[in-house]
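Novice: Read off the chains here:
Number of protein chains: 2
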Amino acid sequence: MTAHHAHNLQTAHQSGESTQNPRQAQEAAGWHKDHLSGSRPDIRVPVRRVHLTDGTDVILYDTSGPYTDPTQDTDVRSGLAPSRTNWIISRGDTEEYPGRALQPEDDGVKHTTPRGAVVRARPRSGEAETPVATGLDEVFPGRPRRPRRARRGAAVSQLAYARRGEITPEMEYVALREHRDPEFVREEIAAGRAVLPANVNHPETEPMIIGRNFLVKVNANIGNSAVVSSVEEEVEKMTWATRWGADTVMDLSTGRDIHTTREWVLRNSPVPIGTVPLYQALEKVDGRAEKLSWEVYRDTVIEQCEQGVDYMTVHAGVLLRHVPLTARRKTGIVSRGGSIMAAWCLAHHRESFLYTHFEELCGILRSYDVTFSLGDGLRPGSIADANDEAQFAELRTLGELTAVAKAHDVQTMVEGPGHVPMHKIKENVELQQEICEDAPFYTLGPLTTDIAPAYDHITSGIGAAMIGWWGTAMLCYVTPKEHLGLPNRDDVKTGVITYKIAAHAADLAKGHPGAREWDDALSDARFEFRWEDQFNLALDPDTARGFHDATLPAEPAKTAHFCSMCGPKFCSMKISRDITERFGGEEGASAEEIEAGMLEKSREFAAGGNRVYLPLAD
Amino acid sequence: MTAHHAHNLQTAHQSGESTQNPRQAQEAAGWHKDHLSGSRPDIRVPVRRVHLTDGTDVILYDTSGPYTDPTQDTDVRSGLAPSRTNWIISRGDTEEYPGRALQPEDDGVKHTTPRGAVVRARPRSGEAETPVATGLDEVFPGRPRRPRRARRGAAVSQLAYARRGEITPEMEYVALREHRDPEFVREEIAAGRAVLPANVNHPETEPMIIGRNFLVKVNANIGNSAVVSSVEEEVEKMTWATRWGADTVMDLSTGRDIHTTREWVLRNSPVPIGTVPLYQALEKVDGRAEKLSWEVYRDTVIEQCEQGVDYMTVHAGVLLRHVPLTARRKTGIVSRGGSIMAAWCLAHHRESFLYTHFEELCGILRSYDVTFSLGDGLRPGSIADANDEAQFAELRTLGELTAVAKAHDVQTMVEGPGHVPMHKIKENVELQQEICEDAPFYTLGPLTTDIAPAYDHITSGIGAAMIGWWGTAMLCYVTPKEHLGLPNRDDVKTGVITYKIAAHAADLAKGHPGAREWDDALSDARFEFRWEDQFNLALDPDTARGFHDATLPAEPAKTAHFCSMCGPKFCSMKISRDITERFGGEEGASAEEIEAGMLEKSREFAAGGNRVYLPLAD
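The listed protein sequences correspond, in order, to chains A and B. Residue numbering for the first sequence follows the UniProt record's numbering, beginning at 1 and increasing consecutively. Residue numbering for the second sequence follows the UniProt record's numbering, beginning at 1 and increasing consecutively.
Everything labelled a hint here was simulated from the structure, so no lab data went into it. On a predicted model such as this, the values are computed, not experimentally measured, just so you know. A couple of the hints might just be wrong.
Identical copies look the same in the list; a pair holds intra-copy or inter-copy alike.
Unchecked claim - Computed cross-link-like contacts, SDA-like style, restricted to lysine to any residue with a CA-CA straight-line distance of at most 25 Å:
1. K406 to Y355
2. K426 to D520
3. K424 to N213
4. K426 to G511
5. K510 to S293
6. K406 to T356
7. K291 to R100
8. K426 to R516
9. K510 to V429
10. K424 to G511
11. K510 to A384
12. K510 to A550
13. K510 to D388
14. K424 to L36
Bound conformation, chain A alone:
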């Protein structure tokens, strides 16, 4: 990926010609990247401002980062501007330090690779992909930077600040982003009902908040594996996922190049990055779970804290005594982290080092403001296993750990299932909220049936919308490739779009302030045959426009007062508009007045030639 490619990202959404500059191209496509201003000049919250043909604007939440901002130059080889650095430094509670020395095994290589040497990525899979420029198979070339951490073990977390009554620039930023009061944001964080993942070593991030009283968020997983994928594909997937609305990205890479991949992703990511440090730790011990130790794990966590990972999945709730509870399951343990820890517990017949060292782990995370995502290692992997004793036993342990983490001022969210039939979904949210003191719930789906591999974005999109409505704060996407393979670029887009639908449907059902404005604007455009406005307001304008054009390709069709379903002769929307014009014009008219006017209107209707359909020339 090169600067040129980043430029492509900028304009991917735009229908303008290549001779236009990016701003012109955006305007031609009916929108532009705008910013909301805060109380100080360096608080600039990005929004997508859609220009409607009726002269009004609709402002939409925007996760796409500086890549869609024509006023900014982006170059993936330099990384994004560290826009939060001044906020972090000015708090005066962190300091730079030399940091941990990079080890060859950080990238999962068995031979010695000195820092700066080229580490070759795996060959790309045979699958056709949108071509991306190569050249990322090397150590990130951007500015060298020393890591930063809390002075003297202080808590530098947004939770600690919120509890002290302090509204940070990050909190004000998300308040603007969510159309909420900054004090409300602070209260929600202080209460532990929301987290604001923002590692002091990831100053490139645009602050966002995860909590049930805010917009429901979507996470997209990326990551190479031992089988396929490469560094540049993962960076491309990250920018692509955020382009379509991913609020956070988890880098779940395994195999080689883990450290290098993550560095490229972090330095170029405008959204918080999550990881599962256990995956990298396992690579460092040659994939042998029983060889894991607290020391290897701790070292890996510090490595990732120094790089800037914003939240970490920690499967500390998988206890030795829980493992036998999974023995009679249909699909046992399906969480990779859960099964690693189960194997370790079995091999050593000791309690999990994640559990026994949990307080020490809290001490590390709060020094960088890394947020816990307490992993559900025993989540059900099939409908048959949903809501079973293994799952809820672990949840109770996660409740204990949530209290410990919060006592250490570490921001904490809790992960949830998985595969759950619809009638068992609500119990998951209610129990988690009760047991985990309202800590944000972060669920994978859940998938509502097992019978549709290749369509698990849909089986899980159903469950995601419902669990979002009932209080889940963030939804981890599932792509069509779930259970079958690694997602490519198209799968990432499909997964993100499906989950943005689920999240927005949940926002509507929760009555989130302002959520319905988007639907209303699009429905108004639909009713008034403003086709271009419909496209520009759509979650995926490109595909909506493409589908329309496939049936009615000519440009005039986009202003036609009919659609391809009914054709030009008769259109139900047109009749409705007639009715609205006839009866709806007088604001405040009572039902009786309307009723009384009907006969007269009916006569007008006939006198006007009974124009219930549109002549072709209209």
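Given the structure of chain A, go ahead and fit chain B onto it with the hints provided.
Specialist: Below, chain B without anything else, positioned relative to chain A:
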């Protein structure tokens, strides 16, 4: 479409080589078409029997008709065998009669086209489609047949038989199909909680039942329009939709060739066919709603009854007094039928002829056993309009009409919305069930947000699953082209698969007997790395296999004990299987016994080389 093409349909699902005969090809693909036997030799209920590699079979519901039966010859130019004819004749309550003479305007042509002359279809859209043989643009060439109707106006409906305590062959057939007792089927029909749409003039149909105490059903809409599509495309879409699981098909054709298209579809359809007669009636009056009359409408209904339409949408609940209630809506009236009737009411300032002649209509429908689908002409077309007074006023009228229809022994279901946010869905089912005496509810989606044109199969699949769980009996699919254009072959498949997911998720949530067996069989296969079994059990085996092969194309990968997500070195499923083998083996072992055995097992684990991951050679 030719006989050869029908053969393609047979094998579309099969991975066998073309030199195999169809049965061999099915067996090679891991399944075969089988039949369950009833109390008499002519009751043979089709099933899809999937052969698993562990030697067991899973039997799945099958809607694909004789096209997937290698023992039957099918030729779309002859039509399917009229397998119900003997049942109908032997009841002795119907008779053949000359029937209504075909009129030129039945096909929407303005010039005179004598029966048998070639009526050219519209040009195909420019969009690339799977090539189909042409030749359907003519009057259906199959055997001439005189229509059949009740003797002396008797009620020949399954409802009438059920009320008399009679279990018809059709009822026994659906009992076998649903794994229910025939008497239970009769009771549900007699109570009006279920309908069995089966026009005496559609003897080709394989009986199926729609009711909340049976499997949730899926309808697929097809139909040309004035803008695009042709006869052969519609027949192809019907066979294609049922191939993927559509339980009924609605032919919503408008424009020309309506009668001819419907004849081809009916004579070749193994599933009940629904229509909206108002659409054809409107064509007969040049698309001018105000020119409609009871006489034109009644004639059209009789035309369609004689052809064999199994259920008809009738928008008799759109009353004059309801129309002003829509005036302040965001999107007015979006139902095509609803807006036609609203326009008629306004133009004449009289009550709808569908309402004033409803009892006469009942008399016609019960003479053919055509089922009412009482249309929701005032359904909401946007989130803003959900559950408003216009919608519920019409629903109350539909409740009145349901009672009238059932008093005339006419089977009746009731249609529902539309666009509804999640928190307002349940009220729709509860009100409909209360107001309409538990008549089956048949809903379009509902769409849970308006913001995602091009993805409305997903916005609505979410709502469909939920409303199905809460009691809706049949779900009308929505394709990705909703609001944008007419669905092509791929869109039809995507719509059907999405809705089969929603329906099955609802069956699971309702605890429908046997529903979970399918999930369990697939999850067992997944846990045991039986990849071929996973594919063969999948709702869409082709796509599941294709996605897997895109990442791990080699044949050995299909028997590999790992998947592409984790790679060969570490696999969570393998660890789980180890745990199951270690702790789950002894049936009936208590939790204490399991606990007690853990230390020992742990030692065995270590002694066995800590094999928590699989060597590459495994």
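Novice: List in ascending order the numbers of the hints, as given earlier, that are violated by the structure.
Specialist: Numbers 5, 12 and 14, in rising order.
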